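J.: Please model the complete structure; the sequences and the hints are all you need to start from.
Residue numbers (the numbering used here), protein chains in the order written: chain A, 4 to 252; chain B, 2 to 311.
No lab work stands behind these hints: they were computed from the structure. Computed from a predicted model, the values in this text were never measured in an experiment. For every residue, glycine included, the Cβ atom is placed at its ideal position computed from N, Cα and C. Don't take every hint at face value.
[As the list claims (entries may be wrong)] Covered stretches of chain A, as calculated for chain B (at least 3 residues, CB under 8 Å):
no. : segment
1   : 15-29
2   : 51-65
3   : 144-150
4   : 161-170
5   : 228-236
6   : 239-247
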Amino acid sequence: MKVLVPVKRVVDYNVKVRVKADNSGVDIANVKMSMNPFCEIAVEEAVRLKEKGAVTEIVAVSAGVAQCQETLRNAMAIGADRGILIETDVELQPLAVAKLLKAVVDREQPQLVILGKQAIDDDANQTGQMLAALLNWGQATFASKVEIEGNAAKVTCEVDGGLETVSVKLPAIITTDLRLNEPRYATLPNIMKAKKKQLDTFKPADLGVDVTPRLTTLKVEEPPKRKGGVKVADVAALIDKLKNEAKVI
Amino acid sequence: MANLVIAEHDHGSLKAATLNVITAATAIGGDVHVLVVGHNAKAAADAAAQVAGVSKVLLADGAAHAHQLPENTASQVVAVAGGYTHILAPATPHGKAVAPRVAALLDKAQISDIMKVIDADTFMRPIYAGNAYATVKSSDSVKVITVRGTAFAAAAQSGGSGAVETIAALGDGGLSSFVSAEIVKLERPELTAAKIIVSGGRGLGSGEKYREVLTPLADKLGAAMGASRAAVDAGYVPNDYQVGQTGKIVAPELYIAIGMSGAIQHLAGMKDSKVIVAINKDPDAPIFSVADYGLVADLFDAVPELTAKL
Ligand SMILES: Cc1cc2nc3c(=O)[nH]c(=O)nc-3n(C[C@@H](O)[C@H](O)[C@H](O)COP(=O)(O)OP(=O)(O)OC[C@H]3O[C@@H](n4cnc5c(N)ncnc54)[C@H](O)[C@@H]3O)c2cc1C
Ligand SMILES: Cc1cc2nc3c(=O)[nH]c(=O)nc-3n(C[C@H](O)[C@H](O)[C@H](O)COP(=O)(O)OP(=O)(O)OC[C@H]3O[C@@H](n4cnc5c(N)ncnc54)[C@H](O)[C@@H]3O)c2cc1C
Chain A
4 MKVLVPVKRV VDYNVKVRVK ADNSGVDIAN VKMSMNPFCE IAVEEAVRLK
54 EKGAVTEIVA VSAGVAQCQE TLRNAMAIGA DRGILIETDV ELQPLAVAKL
104 LKAVVDREQP QLVILGKQAI DDDANQTGQM LAALLNWGQA TFASKVEIEG
154 NAAKVTCEVD GGLETVSVKL PAIITTDLRL NEPRYATLPN IMKAKKKQLD
204 TFKPADLGVD VTPRLTTLKV EEPPKRKGGV KVADVAALID KLKNEAKVI
Chain B
2 MANLVIAEHD HGSLKAATLN VITAATAIGG DVHVLVVGHN AKAAADAAAQ
52 VAGVSKVLLA DGAAHAHQLP ENTASQVVAV AGGYTHILAP ATPHGKAVAP
102 RVAALLDKAQ ISDIMKVIDA DTFMRPIYAG NAYATVKSSD SVKVITVRGT
152 AFAAAAQSGG SGAVETIAAL GDGGLSSFVS AEIVKLERPE LTAAKIIVSG
202 GRGLGSGEKY REVLTPLADK LGAAMGASRA AVDAGYVPND YQVGQTGKIV
252 APELYIAIGM SGAIQHLAGM KDSKVIVAIN KDPDAPIFSV ADYGLVADLF
302 DAVPELTAKL
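T.: In structure tokens, the structure reads:
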């Protein structure tokens with residue numbers, strides 16, 4: 004069984020982004036970029052399925068600027084077998100990404116696509132579900148456990164109030180939650196090996212996909228700043244503040 | 002303009018998140034209709050019809066909707082979508098599973114997690130874990146939207162006079178099936194609706210300590226209980242206690258952060274609380290930079306003392 008894992012290049016989760024002075028966006032020049040943490044979890048899960056013998060080939064895909072190659076190499080260092088870059092400088096929105104991924108699925112015919120549940124830059128939480136809709140496949144979102152059982156995947160999903168287990172018929176879409184696994188670190192030999200793995204590049208036009216954005220960002224602002232408050236000396240002072248100043252208890 | 006709100010419900014009743022979405026729909030303007038997709042869900046539909054501002058409730062009631070599988074729910078939404086300019090769902094796990102599917106089937110973009118309606122095409126939403134707010138304008142003829150509950154007041158549960166109209170329920174699409182669920186029954190207020198939240202982090206050290214130290218305080222305050230991801234990952238509490246970028250977004254009157262450092266991913270989930278209290282033994286912990294009242298102390302001394310003196 005072949006698995007496709009879309010991976011996104013995002014601002015590293017340790018970076019606190021700053022809004023540009025002209026409110027046109029956030030300043031991502033000279034900022035550390037990394038693979039979206041949920042995508043790392045997706046790659047790791049695919050590798051574990053391969054190690055268990057349920058999967059034979061893992062193809063990582065990234066859509067975006069040329070530097071997404073680094074993200075693909077990173078995925079291949081964790082264990083993906085090859086990479087596909089869909090190169091564009093156009094700002095990609097989830098529907099466009101889903102259409103590009105559908106075109107790749109049509110070519111590659113995987114039985115499973117594992118995506119991150121959300122990307123930590125735009126926090127959209129859409130792409131996997133959109134891809135599932137475009138393919139008319141089943142979807143299991145916010146997965147915390149995945150088992151392949153014959154021609155179905157049994158997936159435990161994080162829902163309000165707890166967990167829900169569903170069985171999705173293959174081919175299917177799975178999106179990862181944080182507790183699905185802890186991604187391994189890529190070892191130096193694997194990083195070296197990844198450099199030699201196959202990486203194919205396409206343009207959106209090669210795939211026949213129109214990626215024109217549907218949403219325009221009019222402005223990006225800093226959220227209202229919380230003023231740091233005061234330190235209180237002891238528990239009695241805290242209770243006094245809560246009762247008499249904030250009046251919340 | 003006409004808005005269709007996808008109800009969040011458990012068949013027998015309407016979930017609170019629906020009420021916030023109805024307020025967002027009202028802010029957009031035009032008719033507000035609610036779609037209830039379920040099985041034996043007449044009670045939920047009747048409840049929706051009572052909500053102030055709702056003029057019509059569509060009820061799709063069928064066995065295929067017993068477990069509200071997102072594939073079937075999305076097909077049902079698309080079947081009635083014609084004529085609506087805005088389709089809205091809460092930004093809950095269910096809403097997030099269904100809405101993008103609806104958007105893609107309609108070939109429309111989705112606007113996720115809106116916090117403010119600027120006009121019928123323009124919305125404000127958080128990006129980068131709430132470190133920036135983007136104002137985005139949609140050029141699509143139909144807007145598919147998920148709504149951040151804490152950003153909109155709940156609509157009144159009475160005063161409405163909507164009519165309930167039963168529509169044909171679609172059959173099962175056969176793409177997925179329900180296996181089992183483990184839902185924890187909470188004795189306390191739900192996190193996203195609570196007035197006071199007592200929240201604990203890795204500083205508690207264990208699940209036993211979390212319960213032993215925090216439960217009496219939460220009981221005394223009638224509070225809901227939350228946690229950091231570190232506390233959830235370490236198994237102190239179940240996953241749905243998690244507050245943050247990838248957990249629940251909360252905005253209570255009072256948030257008491259105990260033994261947690263205040264990572265940006267955690268702050269993303271609670272920094273809109275009215276009053277924040279932090280108890281941490283490290284005077285340099287980042288949580289103090291957002292706390293209205295900070296107490297530098299060992300939590301194992303301070304929290305029992307606080308509970309006793311309240
Ligand atoms: C300069 C700049 C400006 C931007 N402006 C906007 C804007 O105005 N409006 C806006 O909505 N967005 C904007 N974005 C972000 C936008 O391009 C997002 O990438 C897009 O909206 C996808 O959202 P998401 O990644 O949050 O999707 P999600 O649905 O949260 O992503 C989930 C998963 O989908 C997969 N995935 C997503 N994107 C890719 C990808 N490119 N390649 C491979 N897999 C992928 C990954 O597995 C990911 O974990 C901007 C980005 C940049 C760099
Ligand atoms: C993609 C991604 C998404 C994430 N999403 C979330 C999210 O949604 N929510 C979330 O919470 N985190 C999230 N995280 C994790 C986040 O980065 C932090 O790791 C986490 O919030 C830390 O939890 P903590 O504050 O409990 O633990 P720590 O950072 O370890 O803090 C423990 C604190 O307890 C204090 N302490 C210890 N002992 C005592 C004592 N006896 N008395 C008083 N104080 C004491 C210490 O001084 C310290 O400040 C995410 C991370 C990533 C990468």
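J.: Taking the hints in turn, state whether each one holds.
T.: Right, here's what the structure says about each hint:
1. Residue count for the segment 15-29 of chain A with a Cβ under 8 Å from a Cβ of chain B: 5. That meets the three needed, and the coverage hint holds.
2. For the segment 51-65 of chain A, the stated coverage by chain B is violated: 0 residues have a C-beta nearer than 8 Å to a C-beta of that chain, whereas at least 3 were required.
3. Residues of the segment 144-150 of chain A with a Cβ under 8 Å from some Cβ of chain B number 3, which satisfies the need for three, so the listed coverage holds.
4. Look at the segment 161-170 of chain A against chain B: 10 of its residues bring a Cβ nearer than 8 Å to a Cβ of that chain, three or more, so the hint holds.
5. Only residues whose C-beta sits within less than 8 Å of a C-beta in chain B count toward coverage, and the segment 228-236 of chain A has 6 of them, enough to reach three; the restraint holds.
6. A stretch counts as covered by a chain when three or more of its residues have a beta carbon under 8 Å from one of that chain; for the segment 239-247 of chain A and chain B the count is 5, and the coverage holds.
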